[in-house]
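2 protein chains.
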Amino acid sequence: MLRTHTCGELTINDLNKEVTLTGWVQKSRDLGGMTFVDMRDRYGITQLTFNSDDNAELRAQARDLGREFVIKVTGKVIERSNKNLKMPTGEVEIKVSTMELLNSAKLPPFLIEDETDGGEDLRAKYRYLDLRRNPVRNNLVLRHKMAQEVRKYLDGLDFIEVETPVLIKSTPEGARDFVVPSRMNPGEFYALPQSPQTFKQLLMVSGFDRYFQIVKCFRDEDLRADRQPEFTQIDCEMAFIEQEDILNVFEGLIRTLFKNVKDVDLIDVPRMQYSDAMRLYGSDKPDTRFEMQFVELNDIVKGKDFPVFDNAELVIGINAKNCAEYTRKQLDELTDFIKRPQIGATGLIYLRHNSDGSLKSSVDKFYNEGELNKWSQMFDSKPGDLMLIMAGVKDKVRKQLSELRLEMGNRLGLRDKNVFAPLWVLDFPLLEWDEDTQRYHAMHHPFTSPKPEDIAMLDTNPGEVRANAYDMVINGTEIGGGSIRIHDRALQSLMFKHLGFSVDEAQKQFGFLLDAFEYGAPPHGGIAFGFDRLVSIFAGLDSIRDVIAFPKNNSGRDVMIDSPSTIAEEQLKELKISTTV
Amino acid sequence: MLRTHTCGELTINDLNKEVTLTGWVQKSRDLGGMTFVDMRDRYGITQLTFNSDDNAELRAQARDLGREFVIKVTGKVIERSNKNLKMPTGEVEIKVSTMELLNSAKLPPFLIEDETDGGEDLRAKYRYLDLRRNPVRNNLVLRHKMAQEVRKYLDGLDFIEVETPVLIKSTPEGARDFVVPSRMNPGEFYALPQSPQTFKQLLMVSGFDRYFQIVKCFRDEDLRADRQPEFTQIDCEMAFIEQEDILNVFEGLIRTLFKNVKDVDLIDVPRMQYSDAMRLYGSDKPDTRFEMQFVELNDIVKGKDFPVFDNAELVIGINAKNCAEYTRKQLDELTDFIKRPQIGATGLIYLRHNSDGSLKSSVDKFYNEGELNKWSQMFDSKPGDLMLIMAGVKDKVRKQLSELRLEMGNRLGLRDKNVFAPLWVLDFPLLEWDEDTQRYHAMHHPFTSPKPEDIAMLDTNPGEVRANAYDMVINGTEIGGGSIRIHDRALQSLMFKHLGFSVDEAQKQFGFLLDAFEYGAPPHGGIAFGFDRLVSIFAGLDSIRDVIAFPKNNSGRDVMIDSPSTIAEEQLKELKISTTV
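Here the protein sequences line up with chains P and D, keeping their order. Quick note: to get our numbering, add 13 to the position in the first sequence (first position is 1). Quick note: to get our numbering, add 13 to the position in the second sequence (first position is 1).
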C-alpha cells in the first residue's frame, strides 16, 4: 500500500510514529507561518501541518493544494495543541516532512461535505463526487454490513445461496418485463426476472430445502416516488415447512439484523390478520409505532337525519390524543389534507373533548350531548382529545382515514425514525378484483396457496378466499412478503384457470413448473424482502435512492452515464430489430 | 418444520429416539414380510423399514411407493442388522409407525443417481431433476461455500461489496452487448454490463478504497465450448496501491479458498513474465503442474541444409521424459494430433535418447551424432527420453507446441485434477494487433495503464508496450485478470486515441469517466475472477455448466423454460420496436 495508516486510525497512542497517509484535501487554512490541511479518506480525517520555519518550500506547496486534491504525505504524529475531541483522530496531527501530489482536482461542482449545496440533479450527474460525502458513503457501508449479516444468519441455518438466471422468459402476465433480444435466436427475446419465483420453487422440487439469494430484480414500470427499474431482493425459500416455520426463521433474521447492525433489541413482533389491519388501520401495512386505531361508529351515528352518515357505508374515526385545542385553522389544514386529489375525501367531522369535559362536534345540529357521549365512550376519549371522523364507501374511507392517521402521527411526533415497530400481517386475500380488466388477479402471485378450508369458495366467492400469505411490515412500510406455495399440479392448474389462463396458455408459460410438480414436489414456501427498502429503514431514510450506489431517476435514466441511449444501426441490424419511434 | 431430523443426521447415538423425517424415495426393496425404503433429502439417505407383522396396511402402502415419491414418516431409530459403514447413517434404520404421502411422482425420465442414464439434453430439459443428483447438488453447495469464503476474506480486509447497476449503457466497443429497450425512453436502450469496470473505477474516485462484488456479467457472443451468455465474476478494485499489493491480497484470497474449502495448502504462487510464459510454454496461461518447458534450437540446428529448420523463424522442442520407447504408431498419433485443423501444424520431428545412450532422430540425414549430442545437451535429456521438435513462424509454432505439450501432459498423467498449480503471469502487452480491423485493440481493456517506461513507444512501437496487467492462472486455465488502471485524464485520452476513438467518441462514451479523473482520482487497480471457472476447478470439472444451477446450452437457450421466446405483438408495440427477421 502507498500508505502505512488510514486517515481514521491515528490517535494519541501513535505519538512520534513516522507515518505515510494518502487521501483527499478536505479543506486547508493558513495561520501565521503555518498551513493546516484536513486530509480525508474513507476511514476518517487527519490534520496535517506544514510550517514555513521547517520547510518553506513544502509549506508553499501545501498552500497551493486545492479542495479534493489527492496527496500522499509522510511525517511524524504529534500532539495537537488545539484538540478536537469529537473526532477519533482529533488529539493528533501529522507534522509533514514530504508530500507527493498524486492527482490534482478541479473545483467540485458542489461542496463535498455532510451538508452540501448541490441540488439533486447536479449530485446525480456527479454521483461519484456525491458518494464521497459521509452520509452517502455510510449508507453503502451499512448496506454492505447488512448483506454480510443476512448471509451469515442464513448460512448458519443451512440455507444455500444459489444464483438463478437473469436471462429468463417473458410471461404474458409480464407486461412489466424488460426484454432482451437474442442475437443467436433472431426474433426471440429473453426477459429480465421480476423475481426468481419459479426458479426458487424448482430448487425446492430439486431438494435444495433451504435456498436464498440476494439478487437483482427488474420491473419496467412507471417509477412512482420511490421505485427503481432494478432493485434488490433477499429471496428465500424453504421446503418441508409450514407457515409458522417461515415466520420464525425470518423474524429471527430481522431480529439478528437489528441486533448486530443497530444494536436494537426488538421486543416483540406482533401478528395481525389482514382483515384486522384493514379494519383498525385502513392499511395492509399499518405503522404500529403508534396506536390511534380506527373506531367504527355506524351503530351509533346512523338514523339521526345526518345524510353524510346515513348514506355512508362506513363511518370511522380516530382519537387524536391531546389535540382538542386545535384551532379552526389547524382543522382546516386537516380538511384540506384529506381533500387533496391523491386522497380524495370530501369532508372531515370532528368531536372535541374539551378540557372541561364538555363535548363539541362539528355536527351538533344532528347529535345531542347524550349521543356525543356515546361517541366519546367508543373512542375512550379523555378531556383534551380530538376525534376525527370520516364517512364513505368502506374501502375508500378506510384508505383516506389511514392517510389522515399517518398525518396526525407525523404532526404529533409519533413516527420517530429511531423507533422500530415490526409486524407480521397474515392471511391476505388470495385474489383481488381488477376494475380495469374486469377480472380477478392474484394478490401475491399465481403460485400462492389458498387456505385449504377456503378452496371451496373459489367458485362461489373468490374475493373472500384467504391465502397462506404474509407480509412483514416495519413502521408502515412493507419490507417483505411471501406465501406457502402450491405444490400440486391440479391445484396450480385450478388457480391458473381462475386467473383467466386457458389450459394451453398455462402449459405454454408454466409447463415446466406444472410438470415439475408431477415429479415429487415437496410442500414449500418462502419470502422475499426488499433489500433497498430494508436498508433505507435502517438508515432512517425515506428514499431507497440514497442506499443505491448508482440509482436511476424518475424517468429511469442514469444521468451520470447518460443511459439509456440510442444504439448503432449496425447493432440493431445484427439483433434483427428496428425501432418504431 | 415437518421433520424432527434430516435424512443425514441420525446415527447409532440416536437409538430408540422417536423421529419424524421427510424426503424422497430413492429406492425400495421387499424381503420376506418387510419393505426397506431408502429415503433421501439434501443431507443424506436414511433407511426405513416396514414390517407386515407390525402393520400390514402400512407395509402395503410402503410397497406402493414409487421412486421419487415425497413422504413424511414417524418411527423409532433402531440398530441395523446389516450395517453399511460407508454411510454416516448406515448403522441405523427407522422402524416406521406412521407415514404420510406428501406427493406422488411420475417415473422420472432418467435415474436420479450419481451415475445416471440420462443424456445431456434430457437432463437439461428436466434440470430440476438433474439437480437432485448428488454430484450436481454438491457442485452448487461448493459454489455457495466458496462465495461465503470470498466474502468473509474480503470483508475481513475492509473491502465493501457495492452493487453496481445491471441496466447500463451500450458502448461502440460493445458489439457483444445485450441490449434492453426502454419503455419510458422509446428508441433508446440500456445494455447489460460485460463487467462493472467503469463503475468500480468511479467508486475508487469516490474514495471507496476497497470494493468487491460477486456479480453477474453478460456477453452476447457465439458460445464456444464453455462459455455462457451470463456468467459470474468476483470483481475487485483497490485504491492507493501498487501492483504488488493486488498480487498479495488476491494470492491471499486464493490461498484462503484452497485452505478453507479444500484443505489444500498452496506452497508457492510463482510469478512469470508474459514473455517468459510465451517463450517457455507457448501460452499466456501455462499449465505448470508439469515442467516440459520449451527448448529453443535455432542456434544449433540452422545451416545444415535441412530446409524445414533453415526456413523456420523458430525451432523449438520439448523433452517428453521416459517416452523413448514410443512406437511408430504412437509417434504417428502425435503427428496426427498436431496436424488437426484446430492446431494446423505441418510436421513433427523427434529425437530419441535410447536407453543404451544412443541418439536417434527422424532427421538423421541432416544431422550427425555430434550435432544430436548438442541437441541432447540443450534438452538435458537422459537415456529413455523423447524430444519432440517443431518449426515454423514464432507465434504459431509456439501455440502448436503448447497444444502438444498439454497432450503429452495428459498422456503421461501429469495433469492430476487434485494437484493445483497457481501462477501469476505479469506484464502483458498493452495492445494487440487485430488482423480483421487492421488496428490495435486493448489486450485487457482501454483503462489499463502502460508501464511508464514504455509510454514513449506508444507512437513508435505500440505492439511492444507493456501494461501493468496480470493474470492468475491455475492448471493452465486463466481464472482471473486485472491491471493497474489509468487515473489521469490526459493518459486515458491518449489511450483512446491509440485505440482509434475520436475525441468526440471518447467523450460521448466515456466522458463521465474522463471527467471523473479531473476531480481527484487516486491511483487504483483491480482484478476480476471468473467465479464459474474457479468453482469448476475446485470441483475438478472441465465445464462451467456443471457449477451453474440453470445453465444455457450452446445456442444460448434454456431448454427447460424454453427461452428465449417470441413475445406478444402488444409488448413490441409498447416498447416501440419491431423484429426484422
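Please note that a few of the clues may not be correct.
Below are the SDA-like pairs computed for lysine to any residue, each with C-alpha atoms no more than 20 Å apart in a straight line [to be verified]:
1) P:Lys165 - D:Lys165
2) D:Lys586 - P:Glu257
3) D:Lys352 - D:Ser371
4) D:Lys85 - P:Glu257
5) D:Lys586 - P:Leu170
6) D:Lys589 - P:Thr592
7) P:Lys521 - D:Val572
8) D:Lys165 - P:Leu170
9) P:Lys464 - D:Asn116
10) D:Lys586 - P:Asp235
11) P:Lys589 - D:Thr593
12) P:Lys521 - D:Lys165
No wet-lab data here; the hints were simulated from the structure.
Each hint tested on the structure:
1. P:Lys165 - D:Lys165: 9 Å, holds
2. D:Lys586 - P:Glu257: 45 Å, violated
3. D:Lys352 - D:Ser371: Answer violated: lysine 352 of chain D to serine 371 of chain D is near 29 Å, above 20 Å.
4. D:Lys85 - P:Glu257: This hinted pair holds, its Cα atoms lying about 18 Å apart.
5. D:Lys586 - P:Leu170: 47 Å, violated
6. D:Lys589 - P:Thr592: Since the Cα atoms of lysine 589 of chain D and threonine 592 of chain P sit roughly 6 Å apart, the hinted pair holds (cutoff 20 Å).
7. P:Lys521 - D:Val572: 13 Å, holds
8. D:Lys165 - P:Leu170: Holds, at roughly 17 Å.
9. P:Lys464 - D:Asn116: Roughly 18 Å separates the two Cα atoms, so the pair holds.
10. D:Lys586 - P:Asp235: Given pair lysine 586 of chain D, aspartate 235 of chain P holds - Cα atoms ~17 Å apart, limit 20 Å.
11. P:Lys589 - D:Thr593: 5 Å, holds
12. P:Lys521 - D:Lys165: 43 Å, violated
Violation of the numbered hints given earlier is confined to hints 2, 3, 5 and 12; the remaining hints are satisfied by the structure.
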